[in-house]
Structure formats: structure tokens, C-alpha cells
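Chain order of the listed sequences is A and B.
Just so we're aligned: 121 in the working numbering is position 121 of the first sequence, and the numbers increase by one with no gaps anywhere.
Just so we're aligned: 1011 in the working numbering is position 11 of the second sequence, and the numbers increase by one with no gaps anywhere.
Honestly, I wouldn't trust all of these hints.
Listed next, the in silico BS3-like pairs over lysine-lysine satisfying Cα-Cα at most 30 Å (straight line) [unchecked claim]:
no. : chain 1 : residue 1 : chain 2 : residue 2
1   : B       : Lys-1023  : A       : Lys-11
2   : B       : Lys-1073  : A       : Lys-11
3   : A       : Lys-11    : B       : Lys-1061
4   : A       : Lys-18    : B       : Lys-1022
5   : B       : Lys-1057  : A       : Lys-279
6   : A       : Lys-318   : A       : Lys-215
7   : B       : Lys-1023  : A       : Lys-5
8   : A       : Lys-279   : B       : Lys-1005
9   : A       : Lys-332   : A       : Lys-280
10  : A       : Lys-279   : A       : Lys-309
11  : B       : Lys-1061  : A       : Lys-22
12  : A       : Lys-195   : A       : Lys-144
13  : B       : Lys-1057  : A       : Lys-11
14  : B       : Lys-1072  : B       : Lys-1005
15  : B       : Lys-1061  : A       : Lys-23
16  : A       : Lys-22    : B       : Lys-1057
17  : A       : Lys-285   : B       : Lys-1072
18  : B       : Lys-1057  : A       : Lys-285
19  : A       : Lys-11    : B       : Lys-1005
20  : A       : Lys-207   : A       : Lys-119
21  : A       : Lys-18    : B       : Lys-1005
22  : B       : Lys-1073  : A       : Lys-285
23  : A       : Lys-195   : A       : Lys-318
24  : B       : Lys-1023  : A       : Lys-195
25  : A       : Lys-5     : B       : Lys-1022
Far from chain B by the CB rule (all over 10 Å, computed), these chain A residues [what the hints assert, rightly or not]:
no. : residue
26  : Lys-11
27  : Arg-58
28  : Ser-97
29  : Leu-109
30  : Glu-110
31  : Thr-137
32  : Lys-186
33  : Asp-188
34  : Asp-193
35  : Lys-195
36  : Lys-215
37  : Ile-265
38  : Asp-278
39  : Lys-279
40  : Lys-280
Worth flagging that the hints you see were computed from the coordinates, not collected in a lab.
Every residue, glycine too, gets a C-beta built ideally from N, C-alpha and C.
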Amino acid sequence: MKDVKLTSMVKTSGCAAKLPPKKLEEVLKTLPSYKSPQLLEDFSGNEDALAYDLGDNRIMVQSVDFFPPMVDDPYTFGQVAAANAISDIYAMGCTPSFALNLLCFPSCLEDEVMRQILKGGLDKAIEANCVIAGGHTISDQTPKYGLCVSGFGEKDRLWKNHGANIGDVLVLTKKIGVGIISTAIKADMVSEDLKQQAIDSMTELNKKAKEEAQKFDISCATDVTGFSLIGHSIEMVGQENYSIEINSKNVLMFEGVLELARLGILPGGMYNNRDFSDKKVTYAKDITTNMIDVLHDPQTSGGLLLALKEKDAIELVKNLENASIIGRVIEKQETPIVVI
Amino acid sequence: MDKVKTIDARGLSCPVPVVLTKKAVEQNPSSLQVIVDNVAAKENVSRYATAMGYNIKAEEKDNEETLLTLEKK
Chain A
1 MKDVKLTSMV KTSGCAAKLP PKKLEEVLKT LPSYKSPQLL EDFSGNEDAL AYDLGDNRIM
61 VQSVDFFPPM VDDPYTFGQV AAANAISDIY AMGCTPSFAL NLLCFPSCLE DEVMRQILKG
121 GLDKAIEANC VIAGGHTISD QTPKYGLCVS GFGEKDRLWK NHGANIGDVL VLTKKIGVGI
181 ISTAIKADMV SEDLKQQAID SMTELNKKAK EEAQKFDISC ATDVTGFSLI GHSIEMVGQE
241 NYSIEINSKN VLMFEGVLEL ARLGILPGGM YNNRDFSDKK VTYAKDITTN MIDVLHDPQT
301 SGGLLLALKE KDAIELVKNL ENASIIGRVI EKQETPIVVI
Chain B
1001 MDKVKTIDAR GLSCPVPVVL TKKAVEQNPS SLQVIVDNVA AKENVSRYAT AMGYNIKAEE
1061 KDNEETLLTL EKK
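The task is simple: from the sequences and hints, build the whole structure.
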């Protein structure tokens, strides 16, 4: 296989390629609502996946996610895209069972590139004990890959993305900054070591994080992806009667991302996220612009964001290498989010 | 006085506008102009120029274009 630079074929990459959240919100609210009594969760609450009641405390969850490459290597791209898509099932507290491929592929690329992308996806699905049973392909100028994933779980243990309790703390299970590092890779401003750290993080399934977290009583959960830590925290507040306080000093981030932010190595999606969170966040006086930028960095295949009791959270972070307690659920403030 | 160099970064997505600005700034010019046509490019080039010790003047043009003038502090 000849060397390919997949990222040179795309304008936006990974979860940063999502449509701006503000625009999406404006369009979706104009659509009529059609619901079924079996539908427990849908997109109206920005949930990670739909949840469908099968009776007898059984639920099926389903989600779809695909995007253009954020890395040049086709096999790695396949792994990241699959880990990211499967993550939505873990974020609901459920177990992935089966999936379908979605692949857009340019006719100018070799078949081996396609094989490597699909192999990367398949290997991650196997690691998640999830079967891939087919899919759909489209000939397209820009490569894109992802999965439609289905999983199962128990209705009374479903993790919604809202409904935390005041006094809960928030645990984030991966470092943030992969959007900035992906941008820095394109600018050739990142070391091989940092690049590899970001790739390792993006290809890591949230399987272990979900299994460890399930040992405790989780009051709500989501995964941090394109809308950034701040954006997904805003979703976690939703219409609830509480606010979330994020302690920026406790948010684990990849080394050097604050400096890259200072140098303007920021993905376009970061600005969409800042636009969306405008007037929804209060910042302490000492929070720098660089820090605000990093907190709005769109993540590809980011970690789980979990709300739970503090004593449980202390135990949970001991078992997960890159997890930390990043904030807490507090009495309702003037804005949904407070950053200290 | 030397003619001020102008970088046309229109139609380019991040990080290309910053990379082009960086290359020009490495020649240590006293001033530089960059034309951008999206918010991310405008903000990113401004962040980079500020970090490198330049004052920035932004002049909004028609059709979402902005002319950024960078002057060494």
C-alpha cells in the first residue's frame, strides 16, 4: 500500500466535523415530535443514543456516528471511528452487541486503504465483543467512516445524560486536548510522542471505564465528544434545577495543549462550541483564554463524564489511569456552568 | 520602506492560515497583513500574532472577509 495522507483530503476532521450545535438546535426544534411509548430517550434531550423499552426491564440502545479522518493512517482511523461510535453505547451504561459499517470512500484511493479502515473498525468491535454484520458504502470525494451500533442493558440501570443530584461530583475518564493535537499534527507542530499519546487515547474503548463505573451508583453520564467538555456539561444540566462547577485545575489535559491554544492552533469546531456556550458559563477571574479554549476543544472518542457520590468517585478514579474528579453538581446558579 | 507582505488565507481552513502566518513571522517583519474569511482563521491568526508580540488591527470587509494588520510592538 502506498503512503496515504488521509487528513490532507478533508477540511474538518473527527468530531470537530459536527455541524455547529447552535445551528442544529435551531433546526431540530422546528421539527414535529413523533414518539412511541417504548421510546425512553431520544435526541430531544441530546442523549447519546436512543433507548427503546423491550419490556421485562430490558432495553435496546442504538446510536450512529461517523466522520472524516483525523489521522493519516487508515487502520488507526478505523479504530478511532469505531471506538468513538461504540462509546455512545457505554455512555448509556449498556453493552454493545452488533453494528453496521458506514463508509464513504474516494475512488482515487487503493482498495487496501479501504481494507485497513474496515479492519481497524472490526478489530475495535471485536475488542468490544460487538459483531459487525454488514453496512453501507458510498463513493465520495472525502473519506468518512463510522458505525451504527446497537446494544442492550437494564432499564433501571440506564445512564441518562441528565438527572444528577446536588452534591454529586463529576468524573472524566480521559484527558482532553485531542482536537487541538489533531490540528497541531496538520501544522506539523507536535512531537511523535504526543501524537502517539493522543492516538492511544482516541483508540481506547470506554469499555473499562464503563465497567468500573457500573460498580457504583451513577446518577447520570455522557461521553465527551465534539461539543467539548463544556458543551456536554451544559447538556448534563439541560432543564434540571442545578448547575455544574468545573474545577479547571483538576481537568487532565495532554501536555502542551495550553501552549498550542496560545499559538492559535485550534480547530474551527472550538469556536462553534464557544459560540454555543456563550452566556451559559461563568468563569472565575483567573481563568485564561487559553484554558477556556482547551475546555471547548472538540474531542474525538473522548472519555465518559459521570456524576456520582464523592466517596464512590474517589474509589473509581483509583481504578482508571486517566480519570479525575473534575467538578461537582451545585445549587442552581445564574449560568448552567461555573468554571473555577 | 519595504512593501508590507500580504498573506491571502481566504478559502483555507485551520491550521493553514496560522502556518502561513508563522512562516512569514519567522522572517521577523515589522508588519504583515493577512486576509482571512472565517472566524476560526481570524481568531487563530490573532492568537498567534499576539503570542509572537504583534499588535493586531482587524478591518472587517464585505462577504465575511477580514484584513488583519500585524504590527510589531
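Verification of the hints:
Under the criterion of a C-alpha separation no larger than 30 Å, the hint pairing Lys-1023 (chain B) with Lys-11 (chain A) is consistent with the structure, at around 21 Å. For the hint linking Lys-1073 (chain B) to Lys-11 (chain A), the alpha-carbon distance of about 34 Å lies beyond 30 Å, and the restraint is violated. Note on Lys-11 (chain A) and Lys-1061 (chain B): the hinted pairing holds, with a Cα-Cα distance of about 24 Å set against a maximum of 30 Å. Annotation: proposed proximity of Lys-18 (chain A) to Lys-1022 (chain B) holds, straight-line Cα distance about 28 Å (limit 30 Å).
Proximity of Lys-1057 (chain B) to Lys-279 (chain A) is assessed by CA-CA distance (about 26 Å); at most 30 Å being required, the pair is judged to hold. Proposed proximity of Lys-318 (chain A) and Lys-215 (chain A) is supported: the alpha carbons are some 13 Å apart, at most 30 Å. Taking the CA atoms of Lys-1023 (chain B) and Lys-5 (chain A), the gap is about 22 Å. The hint holds against a cut of 30 Å. Of the pairs offered as hints, the one joining Lys-279 (chain A) and Lys-1005 (chain B) is violated, with about 38 Å between alpha carbons and a cut-off of 30 Å exceeded.
Distance check on the hinted pair: Lys-332 (chain A) and Lys-280 (chain A) sit about 12 Å apart at the alpha-carbon level, within 30 Å; holds. Simply put, Lys-279 (chain A) and Lys-309 (chain A) have alpha-carbon atoms about 28 Å apart, close enough for the 30 Å limit, and the pair holds. Note on Lys-1061 (chain B) and Lys-22 (chain A): the hinted pairing holds, with a Cα-Cα distance of about 25 Å set against a maximum of 30 Å. At roughly 21 Å between alpha-carbon atoms, Lys-195 (chain A) and Lys-144 (chain A) fall within 30 Å of each other, so this suggested pair holds.
With a C-alpha separation of about 27 Å, the suggested pairing of Lys-1057 (chain B) with Lys-11 (chain A) holds against the 30 Å cut-off. Proposed proximity of Lys-1072 (chain B) and Lys-1005 (chain B) is supported: the alpha carbons are some 14 Å apart, at most 30 Å. A distance of roughly 24 Å separates the Cα atoms of Lys-1061 (chain B) and Lys-23 (chain A); the hinted pair therefore holds under the 30 Å criterion. With a C-alpha separation of about 29 Å, the suggested pair Lys-22 (chain A) and Lys-1057 (chain B) falls inside the 30 Å cut-off, and the hint holds.
Distance restraint check for Lys-285 (chain A) and Lys-1072 (chain B): the Cα-Cα separation of roughly 28 Å lies within the 30 Å cut-off, and the hinted pair is therefore satisfied. Taking the CA atoms of Lys-1057 (chain B) and Lys-285 (chain A), the gap is about 26 Å. The hint holds against a cut of 30 Å. Taking the CA atoms of Lys-11 (chain A) and Lys-1005 (chain B), the gap is about 26 Å. The hint holds against a cut of 30 Å. Between Lys-207 (chain A) and Lys-119 (chain A) the alpha-carbon distance is near 19 Å, which keeps this suggested pair within the 30 Å criterion.
For the given pair, Lys-18 (chain A) sits about 35 Å from Lys-1005 (chain B) by alpha-carbon distance, which is inconsistent with the 30 Å threshold. Straight-line distance between C-alpha atoms of Lys-1073 (chain B) and Lys-285 (chain A) comes to about 26 Å, which keeps the hinted pair within the 30 Å bound. Between Lys-195 (chain A) and Lys-318 (chain A) the CA atoms are separated by roughly 26 Å; this keeps the pair inside 30 Å, and the hint holds. With a C-alpha separation of about 22 Å, the suggested pair Lys-1023 (chain B) and Lys-195 (chain A) falls inside the 30 Å cut-off, and the hint holds.
For the suggested pair Lys-5 (chain A) and Lys-1022 (chain B), the alpha carbons sit about 23 Å apart, so the restraint of at most 30 Å is met. Remark: the non-interface label on Lys-11 (chain A) conflicts with the geometry, its nearest Cβ contact in chain B lying 5 Å away (cut-off 10 Å). The beta carbon of Arg-58 (chain A) sits about 45 Å from the closest Cβ of chain B, which is more than 10 Å, so the claim that it is off the interface holds. Distance to chain B confirms Ser-97 (chain A) as a non-interface residue, since its nearest Cβ pair spans about 38 Å, more than 10 Å.
Distance to chain B confirms Leu-109 (chain A) as a non-interface residue, since its nearest Cβ pair spans about 21 Å, more than 10 Å. Residue placement check: Glu-110 (chain A) keeps its beta carbon more than 10 Å from all beta carbons of chain B (closest about 26 Å). Under the 10 Å C-beta cut-off, the non-interface status given to Thr-137 (chain A) relative to chain B holds; the minimum distance is some 26 Å. Distance to chain B contradicts Lys-186 (chain A) as a non-interface residue, since its nearest Cβ pair spans about 5 Å, not more than 10 Å.
Not every CB of chain B is more than 10 Å from the CB of Asp-188 (chain A) (nearest about 8 Å), against its label as outside the interface. With a closest Cβ-Cβ approach of about 20 Å to chain B, Asp-193 (chain A) is found to remain outside the 10 Å limit, as its non-interface label requires. Every C-beta of chain B lies more than 10 Å from that of Lys-195 (chain A), the closest at about 14 Å, which supports listing it as non-interface. Its beta-carbon lying about 41 Å from the closest one in chain B, Lys-215 (chain A) satisfies the requirement of being farther than 10 Å from that chain.
At roughly 6 Å from the closest C-beta of chain B, the C-beta of Ile-265 (chain A) falls inside 10 Å, breaking its exclusion from the interface. Every CB of chain B is more than 10 Å from the CB of Asp-278 (chain A) (nearest about 13 Å), matching its label as outside the interface. Lys-279 (chain A), annotated as away from the interface, keeps every beta carbon of chain B farther than 10 Å; the closest lies near 17 Å. For Lys-280 (chain A), the non-interface assignment is confirmed: its Cβ lies about 19 Å from the closest Cβ of chain B, beyond the 10 Å cut-off.
Checked against the numbered hints given earlier, the structure breaks hints 2, 8, 21, 26, 32, 33, 37 and satisfies all the rest.
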